[in-house]
Each structure stands twice: as structure tokens, then as C-alpha cells.
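S.K.: If you read the protein sequences in the order shown, they are chains A, B and C. Residues 1 to 298 in the numbering used here are what the first sequence lists, from first letter to last. Residues 299 to 633 in the numbering used here are what the second sequence lists, from first letter to last. Residues 634 to 921 in the numbering used here are what the third sequence lists, from first letter to last.
Take the hints with a grain of salt, since some may be wrong.
As the list claims (entries may be wrong) - In silico DSSO-like pairs for lysine-lysine, Cα to Cα no more than 27 Å straight-line: (1) A:Lys138 to C:Lys816; (2) A:Lys259 to A:Lys282; (3) A:Lys100 to C:Lys816; (4) C:Lys812 to A:Lys100; (5) B:Lys388 to B:Lys361; (6) B:Lys331 to B:Lys383; (7) C:Lys812 to A:Lys248; (8) C:Lys651 to A:Lys248; (9) A:Lys270 to A:Lys282; (10) C:Lys816 to A:Lys259; (11) A:Lys270 to A:Lys259; (12) C:Lys651 to B:Lys320; (13) A:Lys138 to C:Lys812; (14) A:Lys138 to A:Lys100; (15) C:Lys812 to C:Lys910; (16) A:Lys282 to B:Lys331; (17) A:Lys100 to C:Lys651; (18) A:Lys248 to A:Lys270; (19) A:Lys171 to C:Lys812; (20) A:Lys248 to A:Lys259; (21) B:Lys383 to B:Lys361; (22) B:Lys361 to B:Lys379; (23) A:Lys138 to A:Lys171; (24) B:Lys320 to B:Lys361; (25) C:Lys910 to C:Lys651; (26) B:Lys379 to B:Lys331; (27) B:Lys388 to B:Lys331; (28) C:Lys910 to A:Lys138; (29) A:Lys171 to B:Lys320.
Derived by calculation from the structure, the hints in this document are not laboratory data.
Given next are the chains, with one letter for each unit.
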Amino acid sequence: MGDAVHSAETDHVRRLNGPAVEVAGLRKVFRVSGGVGGRRHRDFVAVEGASFSLEQGHSLGIVGESGSGKTTIARMLVGIDTASGGSIRVAGRDRSTPAKSTSERRRRGSEMQIVFQDPYTSLDPRQSINRCINEVLKLHRAMTENERRQRIIELLDQVGLTEHQGLVLPKNLSGGQRQRVAIARALAAEPAVLVLDEAVSALDVSIQAQIINLLNDIRERTNMAYIFISHNLAVVRQVTDQTLVLRKGVVVEQGDTEKILDAPENDYTKLLLASVPEPGWKPRRIRADAALSRESEI
Amino acid sequence: MTHLLQIENLSVDLVVHRRYRKVLQDVSITVEKAEVVSLVGESGSGKSMTARSVLSLLPAQGKMSGGIAFDGQSLIGASYKEWQKFRATKAAMIFQDPRASINPVHRIGDFLTEALVHNRGMDRHEALERAATLLEQVGIDDATRRLRQYPHELSGGMLQRVMIASVLLIEPQLILADEPTTALDVTTQADVIAVLDDLRAQRDMAMLFITHDLELAAAFSDRIAVMYAGFIVEVSTPAQLHARPLHPYTAALLHSRPMLHERTARLPQISGRPLSAFEAPPGCPFQDRCPYVQPRCSESMPQPLLIAGSIVRCHRASELELVSTVGAGGGQTHG
Amino acid sequence: MSLLTNLTNREDHHLLRKVHDRIGTGGMVAGGFMLFLIVAATLAPLISPMSPNAIDLLNVSSGSTWLHPLGTDNLGRDVLSRLLWGARPSLLGPTLVIGVATIIAVPLAALAGWSGGVIDQIVSRFLDLVFAFPGILLAILAVTLYGPGLYPCSMALALSYMPWIARVTRSEILRERNKPYIKALEVQGLSGFAICVRHLIPNVSATIWSQVTISFGYALIDLAALSFLGLNILPPGSDWGVMTNNENAILQGDLNQVLYPCLLIILSVTSVTYVGKRLSDENTRLLK
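Bound-form chain A, shown alone (with noise of 0.2 Å):
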């Protein structure tokens, strides 16, 4: 029972030809209101130039620190922000302005999905597991009742939660647990692409192997594409493919995960690497600061 749905899903995803997201030349410029009043307004540029595709079954990286663009990349791939410029296609549509219509929205949320990093806010307070990924499956699919109730016990499972939690609230589940939910939800809509912004960032290192590792099972059997977020070098390691590396709204460097981490080129993912504590590893007095405002006036 429960293959016969993965493989349909494989399918699912599989059916798409072409990569499963393209960005071109991607901008986002906020505009920040100055001065007294807020009359005066400056522009602040939040992303500039960002270019990437990615093929399905495939995860990309994308790694910088506070202000470096990375949210705002992944905020205007679902569409809860509008690019200033550039373009985004995802399963081989464009989605570069917002959706004019609600089926418009609904189809591209069957495209692309997005787990958020704060497991306590990322659920209705109010609504049971169950009821959660429930709503999900009645926007998306047509399947009667007993189907809907069939699929969540297979989703639930699929994250490791037991048929009894969903009958519960969120407030009955731990950080972990929640996050297991929050990827069932994005799952139940079969996207072609899921989204972890900061996914496993705020938990706990040993809730956060396990989330790791059910990840990666995800992507293996349903052959779907992630765009992982995350300042984590060590963890970027163990669930991408290629990563991009932001500093600023820049793109400073990209490629193969395995490449970057290992032999990096550009300065900045140096010292990223650099500053990461691991056996052996001591603080240094890096200025980061000071140190890369200097090499980049030169």
C-alpha cells in the first residue's frame, strides 16, 4: 500500500522535464524609509544577481551569514516576497510576479514548498495534526475521505510520527516533533521542490541528526529537489549536492558542495570554513570585519 503511493509520487516528480527551479539574475531591493518622518528613502539591496538551476532529485546549498540574502532568496521562490528582478521558474513555469489568481497560487503550491525554522510557530496552535495536513490534501488532491485518512497515516509515518500524534495539538509535541509535522505538510502537497529555510537550525544536535537523516531518506525515495538554507557548514555538507555561497546579496562563490568545502576559492568562504569550531580548532582574532573590507578595497 504504502509503495504503491511512494512509487506514484517517484512518478510524480520524475514526470517534469527540464530543471526543476531556474533563477536568473535575481534582485530584491528593499526600500528603507530614512530621516526624519521617513520622507527620505534609501534603497537597501538585499539580493543582487543571483543565478542558479537546479535538476530534480538534486539539493542546492545556500550558505551566508545574518544579511547575507539567503531568506530573502528562499521568501521570493514561494512567492511570500515579489523579486524586484530577474527571473524564477520552477517545474518549468515562471513565477518571477505574484500569482494573479488562487488557482494560480494553489497550482504553484503543489510546485514548491517551504519548511520554516522555528518549530514552534510553524503550526496552528489551534489545529490537531491530523486536521493540519488534512487541509493540505483537500486543497490539492481529489481523493475522498477515506483516501485523505489513508495518505496522512502514510505521511505521518513517513516522518516517523505515529498515527496516535495526529491526533493530538502541536503543544503536545516537541520541537522535533513539530518539524516532522511541518515537513508532512510540505510533503503532503507532492511538490517538485521543497524549501528548508534554517529547517533543523534551531533544534537539538542529536533531534537535529535525526532530521538530517530523514531528509535525505525523503529525497532519496521521492526524488524530489531541495534548496537548503542554512548558515551550517557541517550540516549543508551532509544534505546538498552543490551549494552557493552569499555574502551581502552576492554570490561569492558556487559549485559542488564537496568542492567549495574542501578547496574553496573566494576569501570569504575561507574564512566561513575557517571560523567553524571542530577538534583542533582555536579561536583566532580574525577581525572578520576589517580583515575583508581591506581585501576588498584592494
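We have chain A; now place chains B and C onto it with these hints.
M.R.: Only chains B and C this time, still in chain A's reference frame:
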């Protein structure tokens, strides 16, 4: 010999929803002069509460038993005044979120000099000068201008440096740092940690460093205490901890962290979730998640054992041979 | 039989304890008092000892007697019966006011908070405009147009109370709509209407409820004041406001005739407001 800080059999219960809940159980740890001890654990392990207990910063209606002594003098039963004096001169805390612990309507200069001017009666100009010197040392350029700025004008990393400067200014013998870099970017974290450790070492200050990051703790600690469900389950040196962890929880933590330089096909995961002290079953709190569990583990909490210079609380510590990385043994026992 | 009563008892016990956990002993007392008033008002035709308008000129301004437990007024009417009958418009009025105000306010607030931008600007300015008119003034306007009565007064007050509820609800919705679970539903492609009705409004309902109960108390006082001014319920009909307007009694020193309705007004306003405050405190506690 007297220890700078000695915590002995400390147990703490806090009121949650009108009920007492255990947060610390039988915690014993010492910090020597100029030594860095890290408390490492996941959420709910009680690491922050241990540090707060040292400064008597527990929420109201907390129940506390056991001993805390500083430089040989017991702090238990000290009056409010004595605690204040202790906090103003002997020990100081750096919190995780500097923005929440620095008054946003005061200038940086006022914040930094407040303690010196009010508690030590130092001249304001002299205090400002000292503050400026220290700001330069913690890596803030243009210090005299910064002193006139307000907290919202500084980035998180800058503010945490200000926080560190404020702690160094009162020249305590002991610094308690509660996840001081968790909210910062990695590059900033590396720098802030380096600053903190350099300046602390120059002044012979001891530090109790609280973090969830084992690697970070290992980078500059003299000893590491691993906490789980309100207990300290293992105390060891960083080298020893990585080479031969004695407690199954420590080993599991080391295994399950993702590695920067290699991709693990499947991270060895600990089933279940970290427990808080009040949820823990009788006996060893780790029993439900432990791959080496035996019937006796649910009968009693193991007493601390001294093995090869490390302290461990596990019934099977002497027979298990745990490793820190997953090799051919796959994290299983070799013995 | 005994099993059944046992079961229902246990159920009741459980429910009572749940209510007690949320509003405390004080809230239980206040809520119980309001429940008592509502039941008494509903059953007024059955339980009031005599007709509220039966005049007995031989027995005016009497003190408490067996026949008239709370005495009679200056026309010899039974004060207890008048209080019971008067409870009906006195409680129905504010219910109408707040009910209508809430039914208009919540959709407006959801529209403004959800849409943002120009629509939010327009709705907010409209609310500000309505806000500028004092309720009593609107009621006087309504009375001059439609004549005195409970309905014109209630509708006018409903309009003036609407912005109070709408503003609080809007700001709460603005806060709630940026939470990731709402964003996730947007990404799923759920329509804005469904998100508002199924998720946003239920999740700000605690705030709406506390605002509603607090406004209820104010509306009760306003309606009583309008009756006192002779704009709402007109004699011989009566509510508690009318009963306080009895200059004969006051001049003759028979304060108890005026005292009882005043007491009821104060107690019911305090009770409803107290329960509302407890609910809102509880809500903040649960959010933490």
C-alpha cells in the same frame, strides 16, 4: 586547597504551573582560579540554571539544596546585600542576548561606567577612559565615538563585545558566560570567543562557559562537563573527551554531530528527544535512549566514578569502550 | 439512574475545574452572578411576585415587607418585580450593542489586517472617523430620527463601539499574520478568505472575547444613562436606568428604591469586566 568556585550536590526545583519541577539534580563541579570550565548540554539539561544558581539569579520560589562556595566561603544563606556585593565585584555574567541585557535608552558609555561610578565611586572621566581602552581591546574601533552611541546603533556582535568589556571592567575573578555567541554569525563568534579568552587569560580570570556546542567548548576549555536532564554525566578534558568519551550520552552526542569535512551516509542518531530533569525516569535519566541499557540502569542513578582522570556517572563506564567518531565499529562496543 | 447522575456530576466537575483554571475563583463568582442574572431575567414572567407596573397607591414607598421583599416605589410598584423585568432590556441592550458591533468589526478588522496596503489605510481611516463620534451623541441623533427606544439606541451605540473592537482585532491580526504557520498556508495556496476564517480569526479570538466583555460593561452603563435621560426605555416600561431616575424617591429620602438598580448596574459591569480581564490575562499567559 580551596577551589575558586565549588558547587556541591546542588539540586534546584522551580515552580512551573504551581508545581515544583526539578531542574538540577546533585550537581557537583569545581572551577579553579584562571580555569575555563564548560557546561555542555542540550535544551533542558540545566546548564543555564547551574550558572544562574551561582549568582542566585533563580526565579522566585525556587528551592535549592546543596552547597555553593566561592574562594572557600559558602554563599548559601547569604543575605541579599551580600549577594549584590558578590555580583558587583567577584563574579559577572555574560548573557546570550546582549540586546535584552543592555538598557536601550542609556548610552554605551553610561552602561559601561555605571558599575564603576556607583559601586566603586570612581571618577566619571576616569571610568570613561578605562571603558574606551577596554573597548579597543575587545576589538571596537573608534571607541570614544561608540561610548556616545546607543545600543540600537550597534550590531549584535558589537554589542556582545560591549557586554564582554562591561564584565572585564569590574575585574571579577569568575566570568559566567551563558551561550554568549549562540546568536552571532560564525565569523563573529570566532572573533568574540578569541577576544574573550585572550583578555580573560591576561587577567587570570576563571570562566564557567555554557554552550550546546561541544566543539566550541573543546576549543578553549580546560575541562568540559556534559549535562543531561539536570545531572552532570561526565567531566573530562577536551582531549580526553574526544579521544575516549566515557558516558554513552557523550559518545552519542559526538557521533550525531554533522562533520564539516566528510559526508556521513547516515548520521548515527540518538532515538527519542532530550529530557528535562522533571521528565526523567527514576535511575539513570539517559536509560530510554541508551544503546547499552541494562536492568540496573532503571534502579539507581550511578554515583560519580573516577576513571582515567575523568568523572563519569554510568553503571557501565568501566566496561564500555566508546569512541568519539564512527569508524568500523559503528559506535558499538569493542569490548 | 445514580450512574447517570454520577457521570454528569463528574462531567460538570471537570468542566467547572476547567473554567476555574481559566478565570479563577473571583471569575467563577462574577461569572456565576451574571449567569444568575440572565436566568432571573429570562424567567421574570414566572418568578416575579407581581406585575412590575401594578400601581398600589395605598402602599407607596414602603420598606421591606413580606409582600414586597425589596419594598415599593413612590407609585406603590413592587421594586423586586421591576428589577426582574428591568433586567431583560438592561442585559439584552448591551448584548445587542456588542453583538452587532462585533459582527461588523471582526470582518472589517480581518479585511484590513489581511490585505494591508491601501485597503488597510481606507478601513483604518474609516474606523478613526467613526471613533470620533461619542456614542451618546450618536444615540441622541438616532433618537431624534427614529424616536426613543431600545433599538435606535442600541444600533447607534453598536456603531460607536465597533471601532473599539475592530482596532484591537486588527492589530492582533497584523501580529498573527506574520507567523510562519500563516506564511506556510499562503505558500500552500489556501485562499485569503479561508486563512482568515479558519486560522487567523480563531487564533485572535481570545483577544476579541476580552475586548467584547469589557465593552459589554461600558454599553450597559451607556444604555442605562440613555434611559436615565429618557431616550431609551420610556416609562411605564422599565430598565435599571429608568429606575435610577426617580427624583421623587431621592427627594423623599427613599434611597433604597434607587440603590438596588444602581447596585445591580455596578455589580454586573464589574462582573463582566472582571471575567474579561481574567480571560485576557490567561490568554497572554498561554502565549508565553
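S.K.: Next pair to validate is lysine 812 of chain C with lysine 248 of chain A; report whether the Cα-Cα distance is within 27 Å.
M.R.: Holds. Lysine 812 of chain C to lysine 248 of chain A sits at ~25 Å (cutoff 27 Å).
S.K.: Between the alpha carbons of lysine 171 of chain A and lysine 812 of chain C, is the straight-line distance 27 Å or under?
M.R.: This hinted pair holds, its Cα atoms lying about 16 Å apart.
S.K.: Quick one, are lysine 100 of chain A and lysine 651 of chain C close enough, alpha carbons at most 27 Å?
M.R.: 46 Å, violated
S.K.: Is lysine 138 of chain A within 27 Å of lysine 100 of chain A, Cα to Cα?
M.R.: Holds, because 21 Å separates the two Cα atoms, which is no more than 27 Å.
S.K.: Next pair to validate is lysine 138 of chain A with lysine 816 of chain C; report whether the Cα-Cα distance is within 27 Å.
M.R.: This hinted pair holds, its Cα atoms lying about 18 Å apart.
S.K.: Sort out whether lysine 910 of chain C lies within 27 Å of lysine 812 of chain C, counting only the CA atoms.
M.R.: 25 Å, holds
S.K.: Hint check: lysine 248 of chain A vs lysine 259 of chain A, CA-CA at most 27 Å. Holds or violated?
M.R.: Judged against 27 Å, a Cα distance of about 22 Å means the pair holds.
S.K.: Measure nothing beyond the straight line between the CA atoms of lysine 651 of chain C and lysine 248 of chain A; if it is 27 Å or shorter, mark the hint as holding.
M.R.: Given pair lysine 651 of chain C, lysine 248 of chain A is violated - Cα atoms ~52 Å apart, limit 27 Å.
S.K.: Does lysine 259 of chain A pair with lysine 282 of chain A here, judged by a C-alpha cut-off of 27 Å?
M.R.: Status holds; Cα separation ~24 Å.
S.K.: Is it true that the CA of lysine 361 of chain B sits at most 27 Å from the CA of lysine 379 of chain B?
M.R.: 20 Å, holds
S.K.: Would the hint linking lysine 910 of chain C and lysine 651 of chain C be met if the CA-CA limit is 27 Å?
M.R.: Distance ~17 Å between lysine 910 of chain C and lysine 651 of chain C Cα, so the pair holds.
S.K.: Given the hint that lysine 812 of chain C pairs with lysine 100 of chain A, test it: the Cα-Cα distance must not exceed 27 Å.
M.R.: 23 Å, holds
Violated hints for the displayed structure, listed by number in ascending order: 8, 10, 17, 28.
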